[in-house]
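Undergrad: These are the residues of each chain, in order.
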Amino acid sequence: MSAFWARNRLIVLAYAAMLVLLLVTSLFSPGFLAESNLRSVLVLAAFVGIVALGQTFVIIGGGIDLSLPWVLNCAAILMTLLANGQNGPLLWIMPLMVAAGAGIGVINGVGVAMFGVPPIIMTLATNVILQGLILVYTGGAPTPSAPPLIQFLAVGRLGPVPVIALIWAALAVAAWVLLSKAAFGRYLYALGTSRTVAEFSGVPTLRTMLLTYTISGAAAAFGGMLLTGYSGQAYLGMGDPYLFTSIAAVAIGGASILGGSGHYIGTIAGALVLTILGGLLPALRLSSGALLIVYGIVILLTVAVGSETFGGLGGLLLRRRRD
Amino acid sequence: MTSLAAQPEIDAPRSPNGGGPDIRAFLLDRAPFLVACVMLAVIVGIYGTLQRDVFTLDELNLDTAATLTLLLAATGQTIILIRGGIDLSIGGVVSFGTVIAATHFGDDAGSVILWSLIVLAIGFGVGAVNGLLISVLKLQPFLITLATWSILSGASLIVLPTDGGQVPAWWQGLGGAYWLGLASPVWLLIALLVFWYWFRATRLGVAIKATGSNERSAFLSGVSLTRINLITYGLSGLFAAAAALYLTTQTGAGSPTIGKDYILPSVAAAVIGGVSLFGGRGSLAGTAVGAFILTIIGNLVFVLHISSYWQPVAQGVILLVAVLASAFAEKAARAQEQ
Amino acid sequence: MDLLEVSGVTKRYGGIVALGGVDFSARAGEVHALLGENGAGKSTLIQILAGAVRHDGGSIRVDGADYAPANPDAARARGIAAVFQELSLVPDLTVEQNMWFRREALSPLRTVRGGVMREKTLALFKRYGFPSLAPDQEVRRLTLAERQIVEIAKGLASDPKILILDEATSTLPAREAEWVLALTRQLANEGRLVVFISHRMGEVRHIADRLTIFRNGQTVAAHPANAVSDDEIVAQMLGRKLDRLYPERVETATPRIALRVKDLSAGKRVRNVSFALREGEVLGVGGLQGHGQRELFQALFGAARARGAVEVWGKPVAINSPRQALTGRDGLALVPEDRRGQGLLLTKSVRENLTIAVIRRFAEWGLLSRTKEAALVKEMVDFLRIKTSTPEQPAGTLSGGNQQKVIFGKMLLTQARILLLYDPTRGVDVGTKGEIFQLMRDLAREGYAILFYSSDLPELVHVADRVLVMRNGEIAATLEGEANSEEGILRAAVFESQAA
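Residue numbers (my numbering), protein chains in the order written: chain A, 169 to 491; chain B, 4 to 341; chain C, 745 to 1244.
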């Protein structure tokens, strides 16, 4: 049990924070715990969670992906343009877009892993290039509305459960298997902890790095397409908020930005915390500005809790080294 | 002690005192900066052939005026990168600075000066808090400054929910003041470069570079990391605040969201100019070249009569070219050493 | 009154006693050598003197005043400068910037006065006959030997009363090493105290006025240098031999060649190295530090680029990455030099560290079997007697010896039968050392082939069947039987330098 606590302390704390927030919010806004409201919180959190899935893998591996916003946006725009409101073409469009997102991820991964470009710069560059290209392509014109199937996936329900929650759950299981049950997960944590040690231990570091960025690109593209179903259509800049929220969700979920720790299970809590906060502040009649301030404070608190100074694992190591 | 007379030589082919410097090593060292200069020359060259009157003081005044906000923000970022960190809170400081200026500047000079000083103090203070948190809590600059960015952005939205407010007309006029044919932004640019060459020659400047190059060696030589973090992040905030004040002379208003347009471009300008993300290397001259490239590429897109949407594409490609150039130069330099 | 008086100084690192009461004193104007085996406590003492580490007990007096510097800056302010083996230079600053760092002369504008700095640099270079070095060269462009010289210059720049030279000659070519000796004498003649540490006995005999001998964290004797014989010094350094530390050496090598290396070169540091390692053999690699041993091991493991022919179990192979080296029974496994930087995932558990290289073995349909993994981990923890509360304990919280055992376990699990062990007992307590040596002999008996570098001469002599001595990237000698002695290895390692 203590080993579990030591390993997952930050994740447990993230869920605890989520529960506290739920209770607090319901105090200020009695309708908050109603089924319909919880459902809409879940739907909104699902978008953050799906987009942050790839970010989780990249950050555990010691990198960061700033190209998410426009990978997401490009996939959304191209999908709506190509489908033109029809369900039929989605059969090939959706796999194609996910593959294209993965392709951008491969480019990021090659730059970072093989050419040694710092991840911040590499993914920043692909982000602005994609932004420019899609603007050139569409000329800034509005796109057709999302096909009904996408809208069903984004806001539809199966019984009481939102469809997107099921999708999210399925992705979460897949991520959990990859991180906790597959050799890939071990390689990823080793890579994020120390690339040199991983290499000296025979870990296929290049392939592992490539794969993280690939997953990230694919998840962003997939999330972007679903998002059009929520907003009804694709629009320019729809991905921009997700850069901040994806990183924040991963950080609140207990991952170290230096890599080597964290889990998607934590990111899920992070996505929920961010979304619930988004619901709490209007209940308190606070503006969007206040929300940003609270986000910032929450990030500061979570990273402080995980820091050496507050007796995290790193602190233990540091003390050993000193004596 | 006869052997004292004979001066031994290490690795004979290198004769640093006598012969000329090793040209290849010299060039490889400066490759990222030189690549940036070449890119700027090419861009200006193409621009100059397509457009008349490019090589004039007017054009210089205009381009400098357009570049200076980014350059001021990137000056702080350059200091941080050389120290071996990153500062995302710049965006928050810029937004907050503009909204404070646009809501509090009165018509009289006294009020403007007072509130300008307050804005600069806030910038330095926010940066100093970043630096302290990073040192004391041993936290990662990326997340710390992301958090303070968020907090300041929120504060900006509370002060001024949408773009607006105003600054006195004479304040706006400052951006267009001339002396000896050069506009005030050019003088500011010159002042900035003079400041830089002074700053990097001070003990503090050397210590910052040393800390970014090898934190442990610097520490062993007696550098206080807490002090270095406090000062570098403080300066970064200060320059971001200066960027905000300058920006209000250009736009005449405040914007609670404009700051985010300067966060990553400030990093990009520095990296294009050859500042290393790993610390210890780079100069403001490089960052200035990078900032001019990112700005003038917009002019070029305009005179080429192509969609302005090509501008970010070009910026991204230039960023990649610059960073790959420095990666390859680094590799070549290392191969030469072995 | 002596310039430097150390009495009863103690220092513990966790459970390990590094210094158990050190007494020594030295006068101004002398060269005072500290002698002792690796781990005898010399380096701990000089780290304390230099302000890099603080002592737990005892007292140090400089010029009669108590001395307990908080950091190297404070030490320099009291007139003590140390030239460490682990260099403290900043790579992106120039030679002169490094020398005068934090002590630069300032102009009225508070800027560093480059001209003054240059003058002082050149004056210092001239006064002490420094090898030609460009003061404006960035340190990252310098060779290791040049950096060592800059480090000495940095030490001198603070005009110290006491200068500590820790193995300052070990990475230097012959002529430069000789220059350091001349410099040492000159400094002593100027009235400074030079505390001199070197493994090259010849140098020490040549330069030192007095010697203090360390053994197991204590000072055992101090002599005028010309009053003792080499034999007496060696006897005092070694003390009563811990012969039980080393297992009985039985001939286990078979004629079968496990690893054949022909004309292997890597960078400038390994030149045309050829040797054959047999099944069941422990082949030692010795020589002064920095003569290509590290690069040889890394090249064999695929972690550094190399040219030349390598045959593993009779088959020619080209190994370009550690991943290619770790290919199961026919592979090569490395226990690397830097335990924390290359060997261990410090924040990860003992279990994860042990199995990272072989994790695929536990996959069934792509899913890892924790039961299988746990069983193998338990087996390895028991086999190596790794002292850990649970296999889930983070590896970084184990003691040095147990950390090393985890790395051994990781490599043994790969089933590679050629083991490359780079200084595997460095910083490991005596008990664990014995266990590691026993393990090596046991593995050899089972048919493993072991290439074994050690910075500690007695280890090579007592554990290895044969010893390759490297000098300037080449194999200078292969010692076997009677010839495999501490003296033989040292002679082969330094012969060139001594002859010059």
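Since the hints were derived computationally from the structure, they do not count as laboratory data. Among the hints, a few may not be true.
Calculated pairs, DSSO-like style, for lysine-lysine (alpha carbon to alpha carbon, straight line, at most 27 Å) [said to hold, decoys possible]:
(1) A/K349 with C/K1006
(2) A/K349 with C/K864
(3) C/K1122 with C/K1059
(4) B/K141 with B/K334
(5) C/K870 with C/K905
(6) C/K1059 with C/K1006
(7) B/K334 with C/K1122
(8) C/K1116 with C/K1131
Undergrad: Hints numbered earlier in the text: which of these fail when held up against the supplied structure?
TA: Those not satisfied are hints 1, 2, 3, 4 and 7.
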